[in-house]
Amino acid sequence: MAIFVDKDTNVLVQGITGKFGALQTKLMLDCGTKIVAGVTPGKGGQTQFDVPVYDSVQQAVNKHRVDASVIYVPAPFVQDAAFEAMDAEIKFTVIITDWVPLHSEMKIKAYAKGRDTRYIGPNTPGIMVPAQTSLGMISPSAVMPGSVAVISRSGTLTDEVASQLSEQGIGQSVVIGLGGDPIIGSRMIDILKLLKEDGQTKGVVIVGEIGGTMEEEAAQYIEAQFNKPVVAFVAGRTAPRGKVMGHAGAIIMGERGTAESKINAFESAGVSVAKTLWEIPSLLRKVV
Amino acid sequence: MRLYEYEGKEIFKKFDIPIPQGILVKTGEEARQAAIELGKDVVVKAQILGGRRGKAGGIKFARTPDEAGKIAQGILGMELEGYKVNSLLVEEKLNIANELYMGITVDGENGAPVAMVSAEGGVEIEEVAKRNPEKIASGLINPLYGIRTYEAINLVRQIGLTERTLTSASRVLCQLYQVFVLNDARIAEINPLAITNEGNMVAADSRCEIDDNSLFKHPEYKDLRIQRIENPWEREGVEGGVNYVDLEGNIAVMANGAGLTMSLLDTIKANGGSPACFLDTGGGLSRERMKNGVGLLLRKARADQRIKVVLLMVRMMISPPDAVAEGIMEAIEEVQVKTPVVAVMRGRTPYQERARELLENSAVILCPGVEEGIREAIKIAKE
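Residue numbers (my numbering), protein chains in the order written: chain A, 1 to 288; chain B, 1001 to 1383.
This is chain A alone, in the form it adopts within the complex (with noise of 0.2 Å):
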């Protein structure tokens, strides 16, 4: 395991027969990911391409093994859909669903202090460990079993970093989105916590965007603790003052927030910045 799941985690998929829920999880099974069983209220006792549907998380948990789940349910609904997975005693749950309430984000934070559990997301493209398993919507073509994490803030920006890679013959260990949401279950600190003890990773690629402080904290964490390299990028270096760029968390509100500011905090920590996408697999090939 690298970190968080591998080719044995059970899945469970809450939301597993709606729209988005269906279509994705087609295309996990495709990946090769153990998905065990699927909730969706009202509709308990159907099956989703031979995956087990039932009406809540406990009646799955009592009939099979499920080491983690992802929500795919609508927005409205995430909050008690991810207290349910952590009453459930689910050690491990995967948010995708975007445009998720900031009260209900802080909820479901508070909700999990204190528990044995972790998540990502909301607001997130998931975790893909190549060739084993895929827990969201990361591409598999995009990636390749290898030894560098890819950490990153974005969706689609995850994906094209990692072919970037990819097409460079650089494999990764974990590709990871955190979420693009200010409220976010694990931060990159978390992140790189747990990749500091994972064997199989030799380097670490950021991929960090304009907003909120987690960059800075996880420069900090870097220079202070972590003994593996990391290249970064930083999207929205250019981006104006006082506009959201996305519905999200990219904002840059006075001096809090800014590329420079997250740079500069990089920088310090010995850690590489590329300035161009296309920088990030050369500048990983100089240190690691």
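Some hints could be false.
[Stated by the list, open to error] Straight-line Cα separation of at most 30 Å, DSS-like style, residue types lysine-lysine; simulated pairs:
no., chain 1, residue 1, chain 2, residue 2
1, B, Lys1222, A, Lys275
2, B, Lys1093, A, Lys243
3, A, Lys202, A, Lys243
4, A, Lys63, B, Lys1217
5, B, Lys1130, A, Lys243
6, B, Lys1026, A, Lys19
7, A, Lys243, B, Lys1040
8, B, Lys1084, A, Lys243
9, A, Lys243, B, Lys1070
10, A, Lys243, B, Lys1379
11, A, Lys34, A, Lys109
12, B, Lys1217, A, Lys113
13, A, Lys243, B, Lys1222
14, A, Lys109, B, Lys1379
15, B, Lys1026, A, Lys243
[Stated by the list, open to error] Interface residues of chain B toward chain A, partial, derived using beta-carbon atoms under 8 Å:
no., residue
16, Phe1216
17, Gly1241
18, Val1245
19, Asn1256
20, Gly1257
21, Met1262
22, Ser1263
23, Gly1284
24, Arg1287
25, Arg1289
26, Ile1318
27, Arg1348
28, Val1370
29, Glu1371
[As the list claims (entries may be wrong)] Covered by chain B, per the in silico footprint, the following chain A stretches (three or more residues, Cβ under 8 Å):
no., segment
30, 79–92
31, 106–117
32, 189–196
33, 229–238
34, 269–280
Read the hints as simulated data drawn from the structure, not as lab findings. All residues carry an ideal CB built from backbone N, CA and C; glycine is no exception.
Guided by the hints, dock chain B onto chain A, whose structure is given.
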């Protein structure tokens, strides 16, 4: 979505937070009438969605109704901090003995609401935080339980309040938390919270921002949000389900996903190009949303002669390639503009192959990768 001062105050009133008597007006004559109705000295306040109104001349006092009317005429139509003034709030002038600050916002790092109070109100809280941090007290609130009375009391006690002021301030703070929660706010702020000579506590100003992802719970704001977008292109974007921001250059850029779009803009600039806009279509594309996004850029290119080329980049993780390609071709067919369109189709196999196949004989210039696409767009823009 940010609310006007008067809208925030209407919410405060519903939650039993005292506000000054006031009337919203749109003309000088209405302001004069409002002052007569209030029957005392008044303050005339420009209603705009940002900026520092006071310093820019957007807040003025009047002793007589005629003076109020004159002042109102002067402020209406003014441009303050980039916002045009269309309405004014005429309020009774308070006899202020002291001003506090009170706010509930979201602490991103901790992922929880934070309540903040300050013994110094009426100035920007960030300024106080830099200059006199000891005047501010703040505490994280557990969103599962909400603020507790004793937490509110402890906070206002820390900024030196005692006796009746302590209990009324803690009561206002608890009510403000209710405003924050029940309106799905990102920010609910009273600055200043005035203590009058008579010892009453009154919210002299309001700042409320509603979380856009929660607008489905607040239909009363949903339509207003679109109406209030001043830039017509940005408004068209929101109506079409995409996110548009105007920039200054000559390459109109669209991609799916904010991170990807921003990184294209950065990379264009780093290579000597100049983006004309940011358009993020968001993920999980439909034919319609794709068409809306491309159509918007082409209409913009037709209207703005500076734009020399359109660059589209779609990374298909789950977006169906047929919908993506058809959306692009339909928009080009419909808008009919000569501006060249460079397209980069990337993503999951076989999605990227399928999209390229569909676009092969169309009007777009297909490029295999990001680097090629950007270089091609920059080359055309410089011709």
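Now for the hints, and whether the structure bears them out:
At most 30 Å may separate the alpha-carbon atoms for a hinted pair to count; Lys1222(B) and Lys275(A) exceed this at roughly 39 Å. In summary, the hint linking Lys1093(B) to Lys243(A) is not supported, as the alpha carbons are separated by about 35 Å, beyond the 30 Å threshold. For the hint linking Lys202(A) to Lys243(A), the alpha-carbon distance of about 37 Å lies beyond 30 Å, and the restraint is violated. Under the criterion of a C-alpha separation no larger than 30 Å, the hint pairing Lys63(A) with Lys1217(B) is inconsistent with the structure, at around 36 Å.
With a C-alpha separation of about 25 Å, the suggested pairing of Lys1130(B) with Lys243(A) holds against the 30 Å cut-off. The hinted pair formed by Lys1026(B) and Lys19(A) fails the criterion: a straight-line CA distance of about 48 Å is larger than 30 Å. Taking the CA atoms of Lys243(A) and Lys1040(B), the gap is near 41 Å; set against the 30 Å cutoff, the hint is violated. About 18 Å separates the Cα atoms of Lys1084(B) and Lys243(A), which keeps this hinted pair within 30 Å; it holds.
This hinted pair does not check out: Lys243(A) and Lys1070(B) have alpha carbons roughly 35 Å apart, beyond 30 Å. Distance hint between Lys243(A) and Lys1379(B) is fulfilled; the C-alpha atoms sit about 28 Å from each other, no more than 30 Å. A threshold of 30 Å between alpha carbons decides the hint, and for Lys34(A) with Lys109(A) the separation of about 27 Å falls inside it, so the pair holds. Between Lys1217(B) and Lys113(A) the alpha-carbon distance is near 27 Å, which keeps this suggested pair within the 30 Å criterion.
A C-alpha spacing of about 20 Å is found between Lys243(A) and Lys1222(B), which places the hinted pair at or below 30 Å, so the restraint holds. Distance restraint check for Lys109(A) and Lys1379(B): the Cα-Cα separation of roughly 47 Å exceeds the 30 Å cut-off, and the hinted pair is therefore not satisfied. Proposed proximity of Lys1026(B) and Lys243(A) is supported: the alpha carbons are some 28 Å apart, at most 30 Å. Interface restraint check for Phe1216(B): the shortest CB-CB distance to chain A comes to about 7 Å, inside 8 Å, so the restraint holds.
At its closest, the beta carbon of Gly1241(B) sits 10 Å from a beta carbon of chain A; the interface hint therefore is violated under the 8 Å criterion. A cut of 8 Å between beta carbons decides the hint on Val1245(B): the least distance to chain A is about 5 Å, and the hint holds. Interface hint at Asn1256(B): satisfied, since its Cβ lies 6 Å from the closest Cβ of chain A, which is below the 8 Å cut-off. Because the beta carbon of Gly1257(B) sits about 4 Å from the nearest beta carbon in chain A, less than 8 Å, this interface hint is met.
Checking Met1262(B) against chain A: minimum C-beta separation of about 4 Å stays under 8 Å; hint holds. Hint status for Ser1263(B) relative to chain A: holds, with the closest Cβ pair at about 4 Å, below 8 Å. Evaluation of the Gly1284(B) hint against chain A yields a held restraint, the C-beta minimum of about 7 Å falling below 8 Å. The criterion of a C-beta within 8 Å of any C-beta in chain A is not met by Arg1287(B), whose closest approach is roughly 15 Å, and the hint is violated.
Of the supplied interface hints, the one on Arg1289(B) is violated, with its beta-carbon coming no nearer than about 13 Å to a beta-carbon of chain A, more than 8 Å. A distance limit of 8 Å between C-beta atoms decides the matter here; for Ile1318(B) the minimum to chain A is near 5 Å, and the interface restraint holds. Checking Arg1348(B) against chain A: minimum C-beta separation of about 4 Å stays under 8 Å; hint holds. Annotation: Val1370(B) was flagged as interfacial toward chain A, and the flag holds, the nearest CB pair being 6 Å apart, inside 8 Å.
Interface hint status for Glu1371(B): upheld, as the beta-carbon distance to the closest one in chain A is roughly 5 Å, under 8 Å. Only residues whose beta carbon comes within less than 8 Å of a beta carbon in chain B count, and the segment 79–92 of chain A has 0; fewer than three means the coverage is violated. Restraint check on the segment 106–117 of chain A versus chain B: 5 residues with Cβ-Cβ distances below 8 Å, three needed, restraint holds. Remark: the segment 189–196 of chain A is not confirmed as covered by chain B, as 0 of its residues place a Cβ nearer than 8 Å to a Cβ of that chain, below the required three.
Requiring three or more residues with a Cβ within less than 8 Å of a Cβ of chain B, the coverage given for the segment 229–238 of chain A holds, as 5 such residues are present. With 4 residues bearing a CB less than 8 Å from a CB of chain B, the segment 269–280 of chain A meets the requirement of three and the coverage assertion stands.
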